[in-house]
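Each protein sequence line maps, in turn, to chains R and P.
Residues in the first sequence are numbered from 6 upward in steps of one, following my numbering.
Residues in the second sequence are numbered from 685 upward in steps of one, following my numbering.
Read the hints as simulated data drawn from the structure, not as lab findings.
Any given hint might turn out to be false.
What the hints assert, rightly or not - Chain P regions said to be covered by chain R (calculated; three or more residues, Cβ under 8 angstroms):
{"hint": "1", "region": "891 to 900"}
{"hint": "2", "region": "999 to 1012"}
Claimed, not checked - Covered stretches of chain R (chain P as the covering partner; in silico rule of three or more C-beta atoms under 8 angstroms from a C-beta of chain P):
{"hint": "3", "region": "49 to 63"}
{"hint": "4", "region": "142 to 156"}
{"hint": "5", "region": "207 to 213"}
{"hint": "6", "region": "306 to 318"}
{"hint": "7", "region": "324 to 331"}
All values derive from a computational prediction rather than experimental measurement.
Each residue gets a CB set at the ideal place from its N, CA and C atoms; glycine is no exception.
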Amino acid sequence: MSTATLPTTGPSAWDRVRSYTPSSKYYPVLATTALFIGMFGIGSLRFEGFGDPQVFLSLLLDNSFLIVLAVGMTFVILTGGIDLSVGSVVALSTMIAAKTLEMGWSPYLAIVAVLAAGTLLGLLMGLLIHYFDIQPFIATLAGMFLARGLCYIISIEAIPIRDQTFSDWAFKTVNLPGGYYIGYTSVIALLTVAVAVWVLARTRFGRTVYAIGGSESSALLMGLKVASTKVGVYVISGFCAALGGLLFALYTLSGYSLNAVGMELDAIAAVVIGGTLLTGGRGLVIGSLVGVLVLGIIQTFISFDGTLSSWWTRIVIGLLVLVFVVIQRVATRRQS
Amino acid sequence: MTDTLTRPTPSGSPGPSPAPQRRLRASSSTKALLWPVLALVVLLVVNVVATPSFFDIRLQDGHLFGPLVDIARNSAPVMLVALGMTLVIATRGIDLSVGAIAAIAGAVACVHMAGSSAEGAFATAAVGCFTALAVCLVLGLWNGFLVSVVGIQPIIATLVLMVAGRGLAQLITDGQITTVNNDSFSNLASGFVLAVPLATVVAVAVVALTALVVRRTALGMLVESVGINPEASRLAGVRSRTIIWTVYVFSGLCAGLAGLIIAANTRSVNANSLGLFIELDAILAVVIGGTSLAGGRFSILGTVVGAVFITTLTRTVVNVGIPSEANYLFKALVVVAVCLLQSPRARAAFRVRRVRPAAPTSAPTSKAGLA
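Working from the sequences, and respecting the hints, build out all of it.
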């Protein structure tokens, strides 16, 4: 992989830069970043206005909920699990937010209710997975059905959000130098990424997550807190899904049961493209962020082009997942 | 391959010795089927209480009609998909792409018929369906290649096609909802053979044929041995790669056939919604039927009961007067209940509380025996 082309800091440091090789755990992220930059570059050359930094900033805005979902999914996949429920939890969160606001709750109380519901669902799935030895796939499948079913219990029709505070948040922006701006939702998404990076890299919990993904029985024999960590990642994923649902509710300003169908696939795809090993134990949250941006830029590409139909998005995402999975497979086979 | 396909001798296969495996199945198969059948009976009773005429079946114009006939007809697609899924899961795999494959099958067949000069002819329908099945064969080969040759985890290997497949289906239909006017084709869903719905006949025939091939030869046991330990079975002389590849191809074909039936039912194909969530229903049917998600054990009869159970559940929810969309909630409860019943840990916790020397079923014993 030609990842040695890093921005130089000055000619005097050239030798150091030339001899610098990044730690192998950054290779996948660097590959994904190179892919993103490459796509952005090609887009800027082909289409007028594509290279505008605001296009990049609106990528963050349009995918803020997916970024948050991918962060939660990264935790789960790092332990070797999977969470299929996130898409449904997003829909459920938009429904709870819309319904409680319609009933006249304070927006803060509505947010607490949404986050509590998602976290509780994550906790339940985590308990099922760890204490009853139910496969993550099937336990979160149950969670997916449950959340979708609860949506329909709340309401079958879409509920608009007319709360003033919510619409204020939805359109509030932070102005950046140069006349650019970034939405509040993007700021929340980036904060989530920052917190997740810190937790995974600097806390005992984060190291245990990696240890479980490497080998659960070894982690257990080392005396690590496997039970609480394994349940914890699903709690985090549930919380992130609820937070993502809130951002989605702000994005669409409505609640609807059929929101976010299949979004769990996008989140998993973003994590895979971001270089996280699906067997667990290796991967970075930053990679998932770049993975979401790659998915986003595919869509931007197609909307700028105008002649390509929307279904090419799915085909390209599928191909990208395939390429990254095969590369992962080849890389891990060589090591073992 | 040929020598392993003949009757297995206990001394001939050093892997998991087939003799105790067989005995276990014989003793536990009736017991394993008890719960799903009981649950199905409960559902039927609920239906009869809600609508006393639920069991009415009348013969009209030589065709059978009634709620039970509807259930038999509607369960055909899920039954087919679940049948393929059963064998895949028995090898410790999973096939998430079946919904997308069903959509592609419907798309290929409908686009062929809609674009043909003789849209209504039987030959057109036949060619369309066979083309669709051929495409599904290729898709199954692709899944099997990724899993058995490249060695990617099944859940991810089939995720690729799950994501890309709906895009492909839309590419084939050009994003349109393609409708077809071909009576031979729509007969696949609404036709009758000897008063029985054709869809049911097709599904039952495929199931019976599969059961015959799998259980009357050693193939089923080989599938199970691959599911228990692929490496050990390979060392024991089982061509695990070929077997894994075959089950994915079979699953693709089953999904394609299901897709054709669904498309024939609506006389149209919507690439976005055809077969949506059918992979989840199929997995649910397989799990209800007592096939272990950990692989190494499967029950085709259980899967059939599971598929009928799911169709009946959907019907019951409507029949009792709950909005049909709420059936997801009930499915969730069923998944959790079934998993807890299957989980050795939950059983152990249950057994401690009620001190009762319950005979352990084959799931924990077969694992313990191999450990």
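Per-stretch coverage check for the region 207 to 213 of chain R, three Cβ contacts closer than 8 angstroms to chain P: Per the Cβ count (0), the hint is violated.
Claimed coverage, the region 306 to 318 of chain R by chain P - three or more beta carbons nearer than 8 angstroms: holds (count 5)
Outcome, coverage of the region 324 to 331 of chain R by chain P - at least 3 residues whose beta-carbon is closer than 8 angstroms to one in that chain: Satisfied; 5 residues make the cut.
Coverage of the region 891 to 900 of chain P by chain R (three or more Cβ within 8 angstroms): violated (count 0)
Coverage criterion applied to the region 999 to 1012 of chain P (partner chain R; beta-carbon cut 8 angstroms; 3 residues): holds (count 5)
Given coverage of the region 49 to 63 of chain R by chain P, checked by CB-CB distance under 8 angstroms (3 or more): violated (count 0)
Residues of the region 142 to 156 of chain R with Cβ under 8 angstroms from chain P, three needed, outcome: Holds, because 12 residues of the region 142 to 156 of chain R bring their Cβ atoms closer than 8 angstroms to Cβ atoms of chain P.
The structure shown violates the earlier hints numbered 1, 3, 5.
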